[in-house]
Amino acid sequence: MIRVKTGQTNEDSIAEREILEEVSHAAASDARVLITGSSGIGKEEIARRIHLHSARCDGPFVVTNCAAAQSALVEALAHANNGTLFIDEICALDTVRQEALLTFLETAEEARRLGAADADRSTDVRIIAASRRNLYHQVLAGRFNETLFYRLNVIHIVDPEHRGWDEEVLESPEETSPECKVFRH
Amino acid sequence: MAVEKILILEDDPEVARVLQAALREDGNSVTVCETYEEAREHLRHEKPDAVVTDVRVGEYNGLQLAMLFRRSSPDGRVVVVTGYDDAVIRRDVGDLHAQFLLKPVDIAQLRNAVRAG
Chain A
1 MIRVKTGQTN
11 EDSIAEREIL
21 EEVSHAAASD
31 ARVLITGSSG
41 IGKEEIARRI
51 HLHSARCDGP
61 FVVTNCAAAQ
71 SALVEALAHA
81 NNGTLFIDEI
91 CALDTVRQEA
101 LLTFLETAEE
111 ARRLGAADAD
121 RSTDVRIIAA
131 SRRNLYHQVL
141 AGRFNETLFY
151 RLNVIHIVDP
161 EHRGWDEEVL
171 ESPEETSPEC
181 KVFRH
Chain B
1 MAVEKILILE
11 DDPEVARVLQ
21 AALREDGNSV
31 TVCETYEEAR
41 EHLRHEKPDA
51 VVTDVRVGEY
61 NGLQLAMLFR
71 RSSPDGRVVV
81 VTGYDDAVIR
91 RDVGDLHAQF
101 LLKPVDIAQL
111 RNAVRAG
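Chains as they are written, first to last, in our numbering: chain A, 1 to 185; chain B, 1 to 117.
Hint data in this document are derived by calculation from the structure and do not stem from the laboratory. The reader is advised that the hints may include incorrect statements.
What the hints assert, rightly or not - Straight line, CA to CA, 20 Å or less: simulated DMTMM-like cross-link-like pairs of lysine to aspartate or glutamate:
| # | chain 1 | residue 1 | chain 2 | residue 2 |
| --- | --- | --- | --- | --- |
| 1 | B | K103 | A | E21 |
| 2 | B | K47 | B | D86 |
| 3 | B | K103 | B | D75 |
| 4 | B | K47 | A | E146 |
| 5 | A | K181 | A | E45 |
Stated by the list, open to error - Over the 10 Å line for every Cβ pair with chain A, so calculated as not near, a few chain B residues:
| # | residue |
| --- | --- |
| 6 | N61 |
| 7 | D95 |
| 8 | H97 |
The beta carbon of each residue, even a glycine, is placed where N, CA and C say it ideally should be.
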């Protein structure tokens, strides 16, 4: 899953093992997950691994990329019902859609609280978000909603090489797909 | 009553001091960690009977520590103490079968919650 480099050092191996441990931890629960790290650590692969080892493995695994297609988010939420939605580049989500996602999470909570009465309108989705920027720094800079940050970040998987990083952007944007991709396993 | 080991994750030193003092009065052995990483490291070496955690702990959500704790101690008691009253987070705390207390914390409630988990 995680891309293994040729000539891997002991430190790489320890880092990989730590991530695998976090993946196993995340797969055993239904909590929302935030993955942070540079391009190349395989964030989508980590998310897919969590999905495939979770209780939602029979549901869809849907991928959307905020940097490429913000408008696809609502559509992606619908496609991901009973499965997992992987939102890549969450740091690129504009404030309007940050609010929309906050509302979605509240609505889902309300539907759950009310039970099956509103089942037709409710959407049951596990969200796994990823960012190559330090999203907490975005919160501190006022560019990302703090409430949304803590809601998405119940389990935080951080590329160990970049724990405590200070860089605004680690590298150039990843290649992005303009579409919402739906996978059924 | 047997001495219990309690781990507190709280990044506000003043709040941590109050929580620690209150729980020590019951004769417990109380360790305070101000970061998630420090608390996770503590869990690797120690097996507390209960965890008391804030939600907003810098880059981490304290619920992650609670989940980690429950992996090694399925019956371990967890109390979430937060100034952050959010329906979605409350649900997450409920899913963990943990106690939820809002700041400012009522000390009697805290002691009861730690006993009940």
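Do the hints match the structure? See the list:
no. : hint           : verdict
1   : B:K103 - A:E21 : 33 Å, violated
2   : B:K47 - B:D86  : 30 Å, violated
3   : B:K103 - B:D75 : 25 Å, violated
4   : B:K47 - A:E146 : 32 Å, violated
5   : A:K181 - A:E45 : 14 Å, holds
6   : N61            : 5 Å, violated
7   : D95            : 7 Å, violated
8   : H97            : 13 Å, holds
Checked against the numbered hints listed earlier, the structure breaks hints 1, 2, 3, 4, 6 and 7; every other hint is satisfied.
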